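Novice: On the provided structure of chain A, position chains B and C as indicated by the hints.
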Amino acid sequence: MPILLDSSQAPTLSELIKQANQVGLKYSFSAPELAESLLIQGIGSLANATTAEISFLSNPRLVSELSCTKAAAVILEPKTWEGLQAAKKPEFVAVVCDNPYALYALIAQWFDNQRISTIKNTIHSTAIIDPNAKIGANVSIGPYVVIESGVSIASGTTIGAHCTIGPNSQIGSNCTFHSNVTIYHNVQIGDRTILHSGSVIGADGFGFAPDPRVKHQAWVKIAQLGGVKIGNDVEIGANTTIDRGALDNTIIGDGVKLDNQIMIGHNATIGDHTAMAACVGVAGSTNIGKHCTIGGAAMLSGHLTLANNVHISGGTAVTSNITEPGRYTGVFPQAQHKDWQRNAAVISQLSTIRKRLRKLEGKS
Amino acid sequence: MPILLDSSQAPTLSELIKQANQVGLKYSFSAPELAESLLIQGIGSLANATTAEISFLSNPRLVSELSCTKAAAVILEPKTWEGLQAAKKPEFVAVVCDNPYALYALIAQWFDNQRISTIKNTIHSTAIIDPNAKIGANVSIGPYVVIESGVSIASGTTIGAHCTIGPNSQIGSNCTFHSNVTIYHNVQIGDRTILHSGSVIGADGFGFAPDPRVKHQAWVKIAQLGGVKIGNDVEIGANTTIDRGALDNTIIGDGVKLDNQIMIGHNATIGDHTAMAACVGVAGSTNIGKHCTIGGAAMLSGHLTLANNVHISGGTAVTSNITEPGRYTGVFPQAQHKDWQRNAAVISQLSTIRKRLRKLEGKS
Amino acid sequence: MPILLDSSQAPTLSELIKQANQVGLKYSFSAPELAESLLIQGIGSLANATTAEISFLSNPRLVSELSCTKAAAVILEPKTWEGLQAAKKPEFVAVVCDNPYALYALIAQWFDNQRISTIKNTIHSTAIIDPNAKIGANVSIGPYVVIESGVSIASGTTIGAHCTIGPNSQIGSNCTFHSNVTIYHNVQIGDRTILHSGSVIGADGFGFAPDPRVKHQAWVKIAQLGGVKIGNDVEIGANTTIDRGALDNTIIGDGVKLDNQIMIGHNATIGDHTAMAACVGVAGSTNIGKHCTIGGAAMLSGHLTLANNVHISGGTAVTSNITEPGRYTGVFPQAQHKDWQRNAAVISQLSTIRKRLRKLEGKS
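Residue numbers (the numbering used here), protein chains in the order written: chain A, 0 to 363; chain B, 0 to 363; chain C, 0 to 363.
Keep in mind that a hint or two might mislead.
Since the list gives no way to pick out one identical chain from another, each pair is judged satisfied if it fits inside one copy or across any two copies.
[Stated by the list, open to error] Straight line, CA to CA, 25 Å or less: simulated DSS-like cross-link-like pairs of lysine-lysine:
| no. | residue 1 | residue 2 |
| --- | --- | --- |
| 1 | K78 | K88 |
| 2 | K289 | K337 |
| 3 | K25 | K78 |
| 4 | K17 | K220 |
Simulated from the structure, these hints should not be mistaken for laboratory data.
The model shown is predicted, which means the values in this text are computed figures rather than measured ones.
Looking at chain A on its own, in the form it has when it is part of the complex (with noise of 0.2 Å):
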């Protein structure tokens, strides 16, 4: 159920394609007139599209598609718009722009906002709101959301119905928690930054210390006593739970974007604008460089090093320091049952059979 708006709301395909300025992405149009009167109710994928929206093909495998597409407008490359003119004419008005996938990004935002826009900045009466906490201008705050002592919330913020917000936490600018958000105390969020539902930021890191002369417990706790500090432009997907230093503080750095149910352990360090796929694991102390990758269901042991531009596949393991950038793989592969039993029986055999080819070896 992609959004539609009524044609007296939607804007003309200028208007619209103006969101390319925010970033200085350049565009053209097949038929310029046209732009200037052609209304955009919506965007969809060149396979969904009606006659009122617009479209976009960034990844060149699906050339064909463009053939039967209804969409009014597709956003495409200057290279595919050349071997277009060079076949027949299509029917939808291009837009050329040597970005498509960002400028469909901007697009998407920009219908997004038209949906979101209708929230209004009111504090909800059931909110229950300490005293001392400092609510900033244009703030929003829904139903049932407790925000103790000490928080400090900058402009422009909304905070979803059930949120929970700890003593002493300070929220940034223009940032959206979004329902039953949960966050401790003495937490630093910067602005601009979103956190999906079920989101738990500051939890107790996981730190025991075994004593045998301890009686009633074999592990004693270690009290969490640091932070966590987030930057700006920060995603953190639903269900994703970053935990509090034990010391000094967890960071996450500016720009970083993490999925669903991620485990981000104490005293990590997450470096700017690296992005992690859905159920990674960093456990405590591990040090992430910028701008890396991580794939969805990676593992990545405590106290590690990770250098800028490591890319990891989904599924990895990572046991040791990484100080190359580059792609880093361990997965095992996946085969038929029978096939993966008869194989992975050897595996137990490996470092004989490497001993048995040398003596082989040594005797050819």
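Specialist: For chains B and C alone, kept in the frame of chain A given last:
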């Protein structure tokens, strides 16, 4: 602490077993006249059932437990019952049925319904329901629930405490939402669907466009304009997350069963009656067939297609399409740590070992 | 942002170190007279502690940091202290103790208690407590908590905002539930247990019976009639889920420590003092011994038995019983992607390689 009904509320064995008729299961009693009078207060395992309870045997390996169970009645297969008659006659009443496990399932449901029937169909005074939401007949809404504009909830559905349902989402009839479920906007959920606590449906898919020309952030957010469509008779476990689609919907088919802590990425499609154990991650745009089973902690990469009747073993990383039904596995076998170290070290030499072997073969 | 007490509230070093007496740790000061007057306002890492703080050295690899720390006092081992005396005399007061890490743990707890002692033992006016619930002395209940019929909460327990406790659940004394914990019905929790935000205890185990004759759904739900029983001194991390048993209970022993995002399946049993790092999945009916440690993102199949004192490395899939204590591992080693591709391709030929090797050996 299993449920034990008061003897005044307990059904006779005969009445209880009538649950089988719901799905056409056939059965007979070893002592039909006793079945009319024997009261059954609860259901227990063969080892723990009391003389007031019924039990069942579905796993042939547990047949020896029949001789010492205290259960008043036991559901078992015709073949098992014949074996027992040849041996010493048991003291329990046998319920002979060719699918003891399914009959147990129905009876356990019956007992569970006795417990939950005490919940009243009311709307709690603290629930905040937008005037533009449509609430059907016999809907129960718990304390501190927040229901936004344009939501519809069909008859007989129960919404637990602290649930949040975002604008324009549609919930079917006879659903059960346990406490603390979060539904974002424009999500569609079918009839008789069960959602457990902490589940989050419709959070933004993980979509970002890299653009070096953007100054404030290296990643441009792709607004997620699609929705989530969930079929009938689905069950979704605690803290499971299902993201909304980028342009089209993420789709969960009828009868799909998802365990806890599962992550379904945006635009994934899960076919009817597919079941997934806990901690599975399904990356974006992956299309899983019908009647598949996915073992716990398996990971599926994005943009894959899996055929119907595919069975993935727990812990397997699936990184390529699977076009044939069958069981697939890819797990590094566990071993004592020293053995693992010795053998894992050879993994990095496997292609060399193959070469050396070829060389030897050429010589010999 | 670690805690720094006002100097008027700060204890002397001598008073602070008396925490050691709780568990019989022995210690001495390098400058006993100074210990009586030196005020300690906080605790920090060797690198970051200020002149008003205490620090500790438990990892011998960090011994070089002793020469540049600004800490007023440092906890260290006798051996380390002897080494230092031979070298240049340090400026800090040494607290010589044969278990610096345990002493640090106790002192960090003491500082943390200064922070949390400001929370008042009150029942918030918005908490909804069924008249048939029993609330002990000095219980603190936060805003918007929902406590259902038949619940009992023993003395000294703190229930954070937005927690929900289902019918007939029993909570011990001196527990701490952080915000947004969900407890289903018939769950039993021991004394001094800590639950972090987003944890869900007692959701339905994942049980379905396949039955082709059922029309509306291919899977019949097995109602989960058992409960969950959690011992004393347990800690459960953020967004961790523990499912209720099918007929009997899921059992978590005394002193068990579970990190975030862990999933414990129905009817599993976790032995006393076992600790699990984040993202572990334990499938149904698996029985883990006492004093085990399970590394992050490890996965345990269902119906297994693990002995006492078993240690599983992070990322390992355990698919068969482990009867002997020791460390077990099963992780595909990470490598540069191209190397992985080359070597992983040989995995599917391992049984053939073994055969070819045998053939060569037979010939030579």
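Novice: Against this structure, judge whether each hint is valid.
Specialist: Each hint, compared with the structure:
When the C-alpha separation of K78 and K88 is checked against a cutoff of 25 Å, the pair qualifies only within one copy, where the shortest distance is 15 Å, while the shortest distance between copies is 72 Å. Taking the shortest Cα distances, K289 and K337 sit within 25 Å of each other only across copies (23 Å), while inside one copy they are farther apart (42 Å). Taking the closest pair of Cα atoms, K25 and K78 come within 25 Å of each other only inside a single copy of the chain (15 Å); across copies the shortest separation is 68 Å, beyond that limit. Within a single copy, K17 and K220 get their C-alpha atoms only as close as 56 Å, which misses the 25 Å cut-off; across copies the closest is 17 Å, which meets it.
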